[in-house]
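There are 2 protein chains.
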Amino acid sequence: MLSDIEIARQCKMREIDEVAKDLSLAATEVEPYGRYKAKVNVGKLSQERQGKVVLVTAVSPTPAGEGKTTTSVGLADALALRGKKAMLCLREPSMGPVFGMKGGAAGGGYAQVVPMEDINLNFTGDFAAIALAHNLLAAMIDNHLHHGNELRLDARQIWWKRVVDMNDRALRQISVGLGGPLNGFVREDGFDIVAASEIMAIVCLASDLADLRSRLGKIVVGLDLDKNPVTCEQIGAAGAMAVILKDVLGPNLVQTLEGNPAFVHGGPFANIAHGCSTLTATHAAQKLADIVVTEAGFGADLGAEKFFDIKCRAGQIQPTAVVCVATIRSIKYNAGVARPDLDQPNIEAVQAGAVNLLRHVENLQEVFGQQVLVALNRFAADTDEEIAALRELVPVPVVVSTHFANGGEGALELADAVLEMLEAPTPELRHAYELTDSYEQKALDLAKRVYRASEVTWSPGAKRRLGIIAAAGYENLPICVAKNQYSFSADPKALGAPSGHTLHIREVRLSAGAGFIVLVAGDMMTMPGLPKQPAALGMEVDADGNIIGLS
Amino acid sequence: MLSDIEIARQCKMREIDEVAKDLSLAATEVEPYGRYKAKVNVGKLSQERQGKVVLVTAVSPTPAGEGKTTTSVGLADALALRGKKAMLCLREPSMGPVFGMKGGAAGGGYAQVVPMEDINLNFTGDFAAIALAHNLLAAMIDNHLHHGNELRLDARQIWWKRVVDMNDRALRQISVGLGGPLNGFVREDGFDIVAASEIMAIVCLASDLADLRSRLGKIVVGLDLDKNPVTCEQIGAAGAMAVILKDVLGPNLVQTLEGNPAFVHGGPFANIAHGCSTLTATHAAQKLADIVVTEAGFGADLGAEKFFDIKCRAGQIQPTAVVCVATIRSIKYNAGVARPDLDQPNIEAVQAGAVNLLRHVENLQEVFGQQVLVALNRFAADTDEEIAALRELVPVPVVVSTHFANGGEGALELADAVLEMLEAPTPELRHAYELTDSYEQKALDLAKRVYRASEVTWSPGAKRRLGIIAAAGYENLPICVAKNQYSFSADPKALGAPSGHTLHIREVRLSAGAGFIVLVAGDMMTMPGLPKQPAALGMEVDADGNIIGLS
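The listed protein sequences derive, respectively, from chains R and P. Numbering follows the working numbering, in which position 398 of the first sequence is assigned residue number 398; successive positions increment by one, without gaps. Numbering follows the working numbering, in which position 532 of the second sequence is assigned residue number 1083; successive positions increment by one, without gaps.
Because the hints were derived from the structure by calculation, they are not lab data. Even glycine gets a Cβ: it sits at the ideal position worked out from N, Cα and C. A few of these clues could be false.
Claimed, not checked - Computed from the model, here is a short list of chain P residues facing chain R with C-beta under 10 Å: (1) Gly676; (2) Ala789; (3) Glu936; (4) Pro1082.
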């Protein structure tokens, strides 16, 4: 089979104006960025449709690969083959990891969004604008300290760091303001990658420009000397940040390899943030299409949970159906099979590892009240017997999909099963915890109901920060748990379906602009590093502008 | 009179496709970025025209204002009114200063390029891509140190810093790699503003993508432990950097308020770099138009000199005419008149301050062999007597222009005078120094002939660095002097036409990718700070996306 980039290059893309026309978008509603990308002007959308939302989530991620993005793409293409008006909403890849270990992230095989190279690189400038808005606030904070510090900011308690869209471990922890009084005050600081910026989360949760502006003002940048939170509004930066960000809210319109419309918009981390594409994209897609296929980061315990408890709450979204992606390989991995042995037929391992999938399906049904089916992303080595063994254990439909090799044609069965679910009425979305409860109670409800932990413990620092947050009146916010994505527990090696463990909250962070508080369980990396042989080493561009080595 | 942004907003812009059509650009030669901006694909231009180049330069800058950019815009509009196929080439504004003291930079009054807000903000992403390419190299250098340091880089001699497009004094001098071995090695570092990145200079001097790629590889990032230069090619980053930059070389097509075509492309500092818009824009404009109007930073001693000695050499450009911009106010300021008194009629001050203009005109004629006229950018308070007094002293035509208030109509006389000069054959461009001479000789020739200094002295550090550079074989490069722009001498208070001073070179920097060495005379700021009341404080965006407070 060809490589992803070879397949992407063979694709004869449609002009983006044509794709927009299929969506009945008027010329004034679309801003072209080159011939194959556009931003949709959501402020001007007049369409009245209310498309149904299908969430694509997955089992706990494993090194074996699951394929949430490719399944989303394949499903959208298959729905189009069935004559349905469907629209895809995906996250934007971060550029830093493209040059590190990960390479590109725009689907794979015959289930990709294109233009793949643009999407993985500078794209329409969203990440760059977010970085500049973020760094303007940082510069204005240090400028405030430098010029008299009227707000009495505590320089030891500045929570707002700086960002760059690069994997750069040397910037994780730095000291700034060296070199004498002209350069400001010396203090400790650090850089996060742009995907970890609270502004990324804000852009993804804002319903419109006015909401974006208001959320920017609410960002808490740190504490004053009396331990009161100091906001971005007080620093005076929010208006200028909104100026930088004014075009970012427009969803980026691209297409699948099969020429179907896709929004690729927003890329927040799924640990420190909620890991979903933008609300403006989802809302616009609902106006433009009858079926909206979207995905959320990591496994269902993290991605789907945050989609339901954070994004759906923020945007009054009621999903109609959930597709939980699994692979025979990942199920066997969850039974403890080593990576080199994953391609060996092993029915017992399928039966043993299925507990992870079953737990996720049960959560989606029981905790969140959703209609669920399992999309089995088939690999060449999977045997019919293994698939049959899995089907016997799973109480919902298990639909085999071969979109990676066959594009939309390979996902027709999946599309039909989804269409059947969509005929049922949209269920009432339920949540893992109530917003009006205390943060301790919210964490306990989430830990018990979704992670199946028996208790939640808090570090003294986490408790202290929770006290400051509550005292300042930040109540009723949803919680965003940053825990390892490989297990229901905090131990990444506890595969399958562990229960009875302890969820330990090491640290608490307030994201008042995004509108949640982050509970950090375990290590959380907000600035990746490059490996010894970064992908960048193999990249080149020829004299005609063709990119070599991006995959 | 209306403010710049009010005038810009009243302008009914033409769709950029129409502007492109006027230039006989085929659809495949243009990539639209929204409806009013486009990038021209220079690799595909088939036009054979060889437009004549008119350089707009100026007297030494003063706080009174000269108006190089507005004169360039007015001249281009007036040439269009005269039925000529003219094209404007300007620099891109840097976003950092927009939020600091300076505000926007896209002309002013009725001589502006639009869309003004886009040009001043994220525009087509050139600065963002340059920043990412720059920071990728920085990350790969620290990554190299972290993973075994095969090249034996001397961590105390890393010359390559990081960049951000923001005025942020706290980042001027920092320490990176704090927090333990997982975060790399601790070392001193700093951030420059993007306009000061060597990559900005490279983008502005590269003739095409292959040249860009080759120049990136030549960047010297620092020294190894044996004091040998280590290049970007050795780090292995150049190919990936070219991938990030592949679309940046396309000139950005916008329009003047009067709907005439303008390239706004590239924005290198005029101290650490050469301060001109891109070579690709100039070359493309020469193919598309009969007359190309372009400008260079600061006064003629710096901007025009670097245009001739660096850019024209790199791009085999032979300018046909030079317009030297002056104002009665700036001439009086050069005679020592205080700012509050500049609007008082004062013929003696005009006669005394004219020495600055006369020196620049003489340099342009004698040193560089150019045809010159003076464009007098008229302010309301200028008297006819003052103008007459100036005319008597100046040996070349002095043409009054009122483009700021009247647009192209106000610059018709200027256009006619320029057209007359263009009828003469293009003169042979001469240079201030020979490339084959030693760097000491080059500096001495430039200092004596253009700055009228009597000698050049070198700090021990500068001499040492010069030795390293020469020993490594970097000979025959042009020199790029970073000195204060307010005086011919290194003393910013020595107005008028000082001579016999000493040019002291404090520091030498190698920009092997850009293809010059920088001689630093006096302080050089590569990272501005924000003032106590930054312009950002007054900026806002309303719910419809209209920007307030950007001027």
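Verification of the hints:
no. : hint    : in the structure
1   : Gly676  : 5 Å, holds
2   : Ala789  : 9 Å, holds
3   : Glu936  : 45 Å, violated
4   : Pro1082 : 8 Å, holds
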